[in-house]
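Engineer: Produce the entire structure from the sequences given, and follow the hints as far as they go.
Protein chains: 2
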Amino acid sequence: MPENILIVGGVALGPKAACRCKRLNPDATVIIVDENVHVSYGGCGIPYFISGEINNLDDLRATPYHTVRDPEFFRRMKGVTVRTQTRALAIDRAAKTLLVKDLVSGREQTLPYDKLLLATGASPRIPPVEGRELSNVLSLTRLEAAAAIRSACQKGSVGKAVIVGGGFIGLEAAVALSDMWGVKVSVVEMTNQLLPGALSASCARMAAHDCTSHNVDVFTSEKVLRLTGKDGAVQGVVTDKRELAADLVIFAAGFLPNSELARTADLPVTAFGAIAVDEYMRTADPDVYAGGDCASIKNIITGKMGYLPLGSMANRQGRVIGTNLAGGTATFPGYVGTWAIKLFDLSFCGAGLTAERAVAEGFDALGVGVEQLDRAHFYPEKNMMGLELVLERSTGRVLGIQGAGPGGDALKARVDAVAGVLQYAKPTVADISNLEVAYAPPFAAAMDIVNVAGNVAENVLAGRFTPVTGEAFMELWQKRDKNKVFFIDSRPAAGRAVEANHPDWHSIPLEEIAARIAEVPRDRPVALICNTGLRAYDSVLILARNGITDVVNAMGGMQSVRKMGLKP
Amino acid sequence: MPENILIVGGVALGPKAACRCKRLNPDATVIIVDENVHVSYGGCGIPYFISGEINNLDDLRATPYHTVRDPEFFRRMKGVTVRTQTRALAIDRAAKTLLVKDLVSGREQTLPYDKLLLATGASPRIPPVEGRELSNVLSLTRLEAAAAIRSACQKGSVGKAVIVGGGFIGLEAAVALSDMWGVKVSVVEMTNQLLPGALSASCARMAAHDCTSHNVDVFTSEKVLRLTGKDGAVQGVVTDKRELAADLVIFAAGFLPNSELARTADLPVTAFGAIAVDEYMRTADPDVYAGGDCASIKNIITGKMGYLPLGSMANRQGRVIGTNLAGGTATFPGYVGTWAIKLFDLSFCGAGLTAERAVAEGFDALGVGVEQLDRAHFYPEKNMMGLELVLERSTGRVLGIQGAGPGGDALKARVDAVAGVLQYAKPTVADISNLEVAYAPPFAAAMDIVNVAGNVAENVLAGRFTPVTGEAFMELWQKRDKNKVFFIDSRPAAGRAVEANHPDWHSIPLEEIAARIAEVPRDRPVALICNTGLRAYDSVLILARNGITDVVNAMGGMQSVRKMGLKP
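Those protein sequences? They're chains X and A, same order as listed. The numbering of the first sequence is the working numbering, which starts it at 243 and goes up by one. The numbering of the second sequence is the working numbering, which starts it at 243 and goes up by one.
Because the hints were derived from the structure by calculation, they are not lab data. Each hint should be verified, as a subset may be incorrect.
Said to hold, decoys possible - Below are the PhoX-like pairs computed for lysine-lysine, each with C-alpha atoms no more than 20 Å apart in a straight line:
| hint | chain 1 | residue 1 | chain 2 | residue 2 |
| --- | --- | --- | --- | --- |
| 1 | X | Lys624 | A | Lys668 |
| 2 | A | Lys483 | A | Lys426 |
| 3 | X | Lys402 | X | Lys426 |
| 4 | A | Lys668 | A | Lys540 |
| 5 | A | Lys624 | X | Lys668 |
| 6 | X | Lys721 | X | Lys809 |
| 7 | A | Lys624 | A | Lys584 |
| 8 | A | Lys624 | X | Lys584 |
Claimed, not checked - To be clear about the criterion: a stretch of chain X counts as covered by chain A if any three or more of its residues have a C-beta under 8 Å from a C-beta of chain A, and this derived list gives those stretches:
| hint | stretch |
| --- | --- |
| 9 | 610-624 |
| 10 | 632-643 |
| 11 | 689-695 |
What you are looking at is a predicted structure, and each value in this text was computed from that prediction instead of being measured. Ideal Cβ placement from N, Cα and C applies to all residues, glycine included.
Structural biologist: The structure is reproduced here in structure tokens:
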């Protein structure tokens, strides 16, 4: 059993693997080296420290008992040696040694290892733009930056902030700054949507509306060209479309895996720079492991090597590696890509591929959206939830799911149920129709929204109706002079909304459509909408029975349209 | 394609199957017969109507748009004929006819069918005790009974109620009567725990404590012998242990599947009286289907035919049957048994087998309990959650999961994630350790409780510590004079609870145990407890390194003990 375990990196995975290894093999010598002062902190909590929801920065590196996880903690409680401010310079794989440098004394030293773990994490991607060295230009991975931002907010010296990048960390920071400190925030995102790769275009539009309706400006398909400053401090951001004033700029434009150490030791890395590992989390060298934000693991859905830098992934992988460092043979199955984020009124959650991502991966994929209450409709406390199921057209295989709603835990329940099946089986839409989830009126509907998503997807695949997104429906509406589409609102006349007050927006409730079939033209395309999609579907079937088949139906109905901030 | 579809029973599955069939095959004639006045109602909502959370009884038989689902609704909107107050008397399978009787006119009629669906539901099991015919003795399956109970509560004429049966409906009714109307409720349960079959003994003790601490008396292992009355109205309940005064008695002692029609037509039923169906939900006669509360389906975990009368099962099965009635070949995979219930401060949720049930089914099974916060510990809003994973000792196969906590949706998320995997794979504890669930600090911990449950289970199976339940720990404590166990509280000294103020309750925090090892006797068994179980586990490892191995550790720590209402 190996005696000398050496770990490079002490944030999440490194300490987890160290403690697990030490528990299983108390005789091992376990040393963690890290070039920073702080180790073992919850980097994911930084936005919540900035917002003030977490009061003390030390809470991010403390146990639930408020014991700070510093080197002394690891020595006394875990029997693990932590050497901070110690940079790993080079691996000599033949000699099984690691060259390190003490950043305080400047002294270099060669440490022997039996097993080495690279837990070097990732660095924020800073676009190479002019002005990036100005003060008040930060990224959000270090505790020091978090403290600086919160301190500036508390002093009132941040009136306007620009966040470069509309991914998870960028949006969490936007919410924190805007909601708590009243900072006027602009998010600049290079791609054409927020949370690219995680959300479908429709869901991303809902996320954007949640931001803009809470005074956060969102600029997509926009590129930062340079930062401007005065007296060394940032003053503005120039994009390819506008100039934005800024007292604070946060770069949240993704991560680059820290894999130099591995590369210079001739360990294979993937195309996007992450260290390739097998199911045991071992690199090409059986004595060198890697995991967390610096490593590439298998995407279970595509079967290809991928990258998912998330604290939860790091923790789970850390335990697997810890077992193996102690002589075990634990495996990590890869990932399907499961995530969650809380914005303002809405939470978003997803697993697997988006429709757009699936198409890019070569699947003949489409997304099918539904909206429904997250409880029995007769139960008093309830929220509207939206889910989008991503499927392969030819096989009905489910490739992913995403959703949005005010009830975050309830949304997580639906997504996690599908995520588990995606991880250990290859579900079809029929499996989601029949997915057995916990039911009682305070928790779910008897035909729960996750099952309804499967049902609707099955109806779409069977060609029973032609779906359009709420966005596409509203685009048809805007262009009605050209496309000559006939619009039908299938909601009950009693509940007729303001949208009905337009001569081209025809209110023909489901209850009346059979009797009023003569009002529906046979020489024009027809587009139907209702509240959530269900009555419009029943109306489509009635139209079909009457020979009217050039019909589309808005998925998720007006509920989806409104979440996107659209109006007829 | 069959033309005449005849359905017996119009509550949940019948209407669902009828509408689905009619959507797929609009040319079919679909007739539902039901002996009652009301059809298509949400029976699961009855407790919430009694509590007043649902205001109007019609809400239970209305669409989300407040359209009441009466025969006229089905005729106009769905093209389905509903004949209420019409009792099915006999099936002639050779002639493919059903004899029915109009309960108003008394007239009998023979209806032909191409496909017949038995959706006859189940009847409440009324124990054959004296006095069961008294007034104010009710069960909770009919809307009429619900209206009578609420009306009596509103009039203030119910001071004391006895509920016979501590299953789902019994407890939902107990909460409704006690919480909303201040009725003094006693629950009498024949078996030795609440929610038998659904909850482990430990979790059931938590449910009982949630009830008793909210003024609901719970009497388990107690049998009702007779009801006493005055002037025809119930006045008391005599059990084998006491006499309870009662203005209202509710029988909630389980269900008996309504399978007489099938039995008299020589269709096979299972030992417990439910109609046997195959994966297409077909009986032994290919032209006769059955589903919902009258049918038996496969338990995916045991592989045996079982019974799960739940509205959600009926809805999903109804859709499958509707597809098949229209000529399709949809299948229903069976069930793992997933459920949820909200009591007072706590919600409970589970899937699969309990440890006790698994042992009864022949598995060498045990339950492993954990307690942890349902969010990142540094996130301000969070709740303590308890989970119990049920596993097969020899293989590490996961057979079930249950949990308890104040955050119901968050609990559902963990249980549903495991339920999905149980349904479509045969997960091991390692799969639960690695289960990929959505993570962000407002939703989960980086090492989420569901993963921790897998980790702890793996440690138990590997023999790294010997767990005892909180209940067993407290029993050891009570009998300390005899068993000579040495008790250690591993919580930090600063957070030392009142329990420590006893000379035999030794406070040796994890931080100090290595230094104070001499205080731990080597000739006595040792029992450790902490807040949730984690620090006690680390202490166990330190004791083991020092040669002290006759040690047990309380699963879920004081969090679990307190939820059971126990005190040192």
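Engineer: All the hints need checking, so say for each whether the structure fits it.
Structural biologist: These are the hints, each one checked on the structure:
no., hint, in the structure
1, X:Lys624 / A:Lys668, "violated (34 Å)"
2, A:Lys483 / A:Lys426, "holds (19 Å)"
3, X:Lys402 / X:Lys426, "holds (5 Å)"
4, A:Lys668 / A:Lys540, "holds (16 Å)"
5, A:Lys624 / X:Lys668, "violated (34 Å)"
6, X:Lys721 / X:Lys809, "holds (14 Å)"
7, A:Lys624 / A:Lys584, "holds (18 Å)"
8, A:Lys624 / X:Lys584, "holds (15 Å)"
9, 610-624, "holds (count 6)"
10, 632-643, "violated (count 0)"
11, 689-695, "holds (count 3)"
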